[in-house]
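S.K.: Protein chains in written order, with numbering that gives the first Met the number 0: chain E, 0 to 526; chain P, 0 to 75.
Think of the hints as simulated: they come from the structure by calculation, not from any bench.
Some hints could be false.
What the hints assert, rightly or not - EDC-like mimics (lysine to aspartate or glutamate), calculated; alpha carbons at most 20 Å apart, straight line:
1) E:389 <-> P:44
2) P:65 <-> E:375
3) E:196 <-> P:71
This one's a predicted model, so the numbers in the text were calculated from it and none came from an experiment.
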Amino acid sequence: MRRVNPVYPFRRPPELAAGRGSAPVVLVGAGVVGLTLALDLALHGIATIVLDDDDTVSVGSRAICWSKRTLEIYDRLGLGQRLLDKGVTWKVGKVFFGDRLAYEFDLLPEPGHRMPAFVNLQQYYVEEWLVEACEASGRVDLRWKNRVEDLVPREDGVELRVVTPEGDYRLDAAWLLACDGARSRVREALGLPFLGKVFRDRFLIADVVIEGFEMPAERRFWFDPPFHPGQSVLLHKQPDSMWRIDFQLGAEADPEAEKDPQRVGARIRTMLGPEVPFELEWVSVYTFRCRRLERFRHGRILFVGDSAHQVSPFGARGGNGGVQDADNLAWKLAAVLDGRAPERLLDSYEAERIPAADENILHSTRATDFITPRTEAARAYRDAVLLLAKDHAFARRMVNAGRLSTPHSYRRSPLSTPDEADWALGPEPGAPAIDAPLPDGRFLLQHLGGEPVLLVFGAEAPAIEGVRRVVVPAEGLAAERWDAKRGTTYLLRPDQHVAARFRAPDPARIRAALDRLWGRAAPGGIA
Amino acid sequence: MSDAEARSRTVDPDALFVRLVRAHRDLSPEESRRLDAALVLLLVEALGDPQRLDVAIAAARTALGKPVEPPEEARE
Ligand SMILES: Cc1cc2nc3c(=O)[nH]c(=O)nc-3n(C[C@H](O)[C@H](O)[C@H](O)COP(=O)(O)OP(=O)(O)OC[C@H]3O[C@@H](n4cnc5c(N)ncnc54)[C@H](O)[C@@H]3O)c2cc1C
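Using the sequences and the hints, build the whole thing.
M.R.: Here you go:
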C-alpha cells in the first residue's frame, strides 16, 4: 500500500465546557458532498459548523469519474484547474462482448469547452482539496471525530446530540444539512423510509497500481470476457499509475472470501496476463441499491447527496449527483439566510433535485438491470443485443454498460420563466449554461460566477440591481451555441443555470424573471 | 375481411411455422432463447412502431392466461 490518508486533528469544541451551544447552520458529514456544500456556502458568505464522525477522507478511490458539469461547478468554487491538472481526461468508452468490441462512444465530440466530458480522479483527492479550501475560507468550522448521535427536530431548528472523544454536547442548529451519506443517521433518527431497488449481484472493486501499463485513457467495459467468463468487468484509468477494476461476482459470491488478496490477485493476473506486475492498493466488495427519500426537505432539515438518494456506480451518478445537489442548494440557503429571498425558495431545492435524482435512479437502475440480468429471459435479450450490436445500429444504442452522468435541466422548475419567443437551440430555461470560447481567450463560463448574471449578446445590457452584466459578441461559437442574435439576453442563476431568456434586454421582463428566480413572485403567478 | 386477415391468407401458415422451428434446428436451449430474443429485437426494429409491440405483448400475455400488466417490482 502506497497511499496514506491524511489524519485531521480533533480539536476540543468550545461547547464541551458548558455542554451546549448554538449555530445558524450545521452540516453533518464531511464527505465529498458536505465539503462541497460547506465551501459553496462559505463563498456566499455563510459560516457553517461541519460535524464528521471520522478524521480522514474517503478510503479507496470510490467516486472516480467527475463529469463535465461537476468540473464546471468546481471551477466556480476555484478547484477546477486542480482537478484538470491531476485528473485523467477521457471521453471515449469501449464495450466488449467476449473478446470482441461491441460498441464504442465519444462523450464530447466537439471542441471549444473549458471542461472535458470526464476527468478520472480518486474521491480522496477531491475531498483533501475541499478540506484545504474550506479551511482557507475561514468560514467553515470543521469538527472531526464529532458524531451526531441523536436529534430532535423543532419548528425553528434542530437540537443535536454530538459525541466526541472528550465528551458529549448539545448543539442547537437553526438549519441542519444532512450530508451524512447512504447510511444517514439523520434520516434514521427521523424514521424516514428509504425505499427502492436492491440488486443481489456482488461486485469486487479494486484500486491496482500498474507501473508502465500502456492503455489509452478510455473507459473499458467487458460483458462475459474470456478472463472472467459469465460476468462483467469495468476498467478505468486513474492518476498515479492507478487503475480501477470492478469485477462482477454474481449473487452467490462470499464477500469475505472474495476480499482475500491472493484471490483478488489471481483474478487480476488472469485479466492482465502473468507478465504484468501490479500492486493491490484497495479492495472492497459491494452490492448496489437505487433508492431515494420521498422528500428532501423536512422543515429546517435538508438532505443532500447519498443521504437523500443512492444509485449504483454505473453511470457515475452518485458523486456527481450529490455535488449538483450542493450547487443547487448553496445559493438558495445563502439568500434565505441573508434575507434576500423568502424561506419558500428552499422548496425549489427538492422541486428541482427530486426529478434530477429520479433521472439518475432511472438510468442507473436500467444499466444495472442490463449488466446483472435476473432472469433467463433478461439474459437472453441482453446477450442478443450484444450479439446484434456489431452489425445493427439499433442494437448498439441498446447496449447499456452505464449511461454516463449528463447535466440535468430544471425544465419544470418554478424558478424558470417560460419562453415567449421561439428558440431553435441554446440552453432552455432550467438548463445549465453552455460553454464556448470567447475572443478574449477565456471561456464563457469563466465570465459567470456565483451570482445572477445578465448575459447579453452584442448589445448594451441594462443596469439591474443585484445582477452582474456580461456582454459577449453576437457572432461566433458562443452566439451559435446560445441561438443568439443581436440583443439576445439570458438571465443566469447563481448556479449558472438559465432562469429566463429574451430576444431583447427588456428591463421590466428581466425584473419579473428575477423576482421569480428569488421566489419573490407569488407561486404560479407571473409578475 | 380485415386487412390483416387478408394478408395472413396469402402466406402459407404451415410453411411459416416450419420456418420458425427450423431456424432452431441445431441450437441448444440456451442458444434458442438467444435466437428468439434476437428475432424479436429485429422484428421490433422492422415494425418501427413501439405501440404495436405493446399490443403484441398484451396479446401474448393474454394467450398465456396472464394479466396484461406484469406485477410491480417490490421495493425494499
Ligand atoms: C465503489 C464505489 C464507486 C463509486 N464510483 C462513483 C463514480 O465513479 N462517480 C460518482 O459520481 N460516484 C461514485 N460513487 C458514489 C460516491 O462515492 C458517493 O455518491 C459519494 O461519496 C456520496 O457523497 P456524500 O458526501 O453524500 O456521502 P459520503 O461520501 O458517504 O460522506 C458521508 C460522510 O458523513 C459522515 N457521517 C456519517 N454519519 C455521520 C454521523 N452520524 N455523524 C457525523 N458524521 C457522519 C461520514 O464519515 C462521511 O464522511 C461510488 C461509490 C462507491 C461505493
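S.K.: Hint by hint, work out which the structure violates, then give me just those numbers in ascending order.
M.R.: Violated: none.
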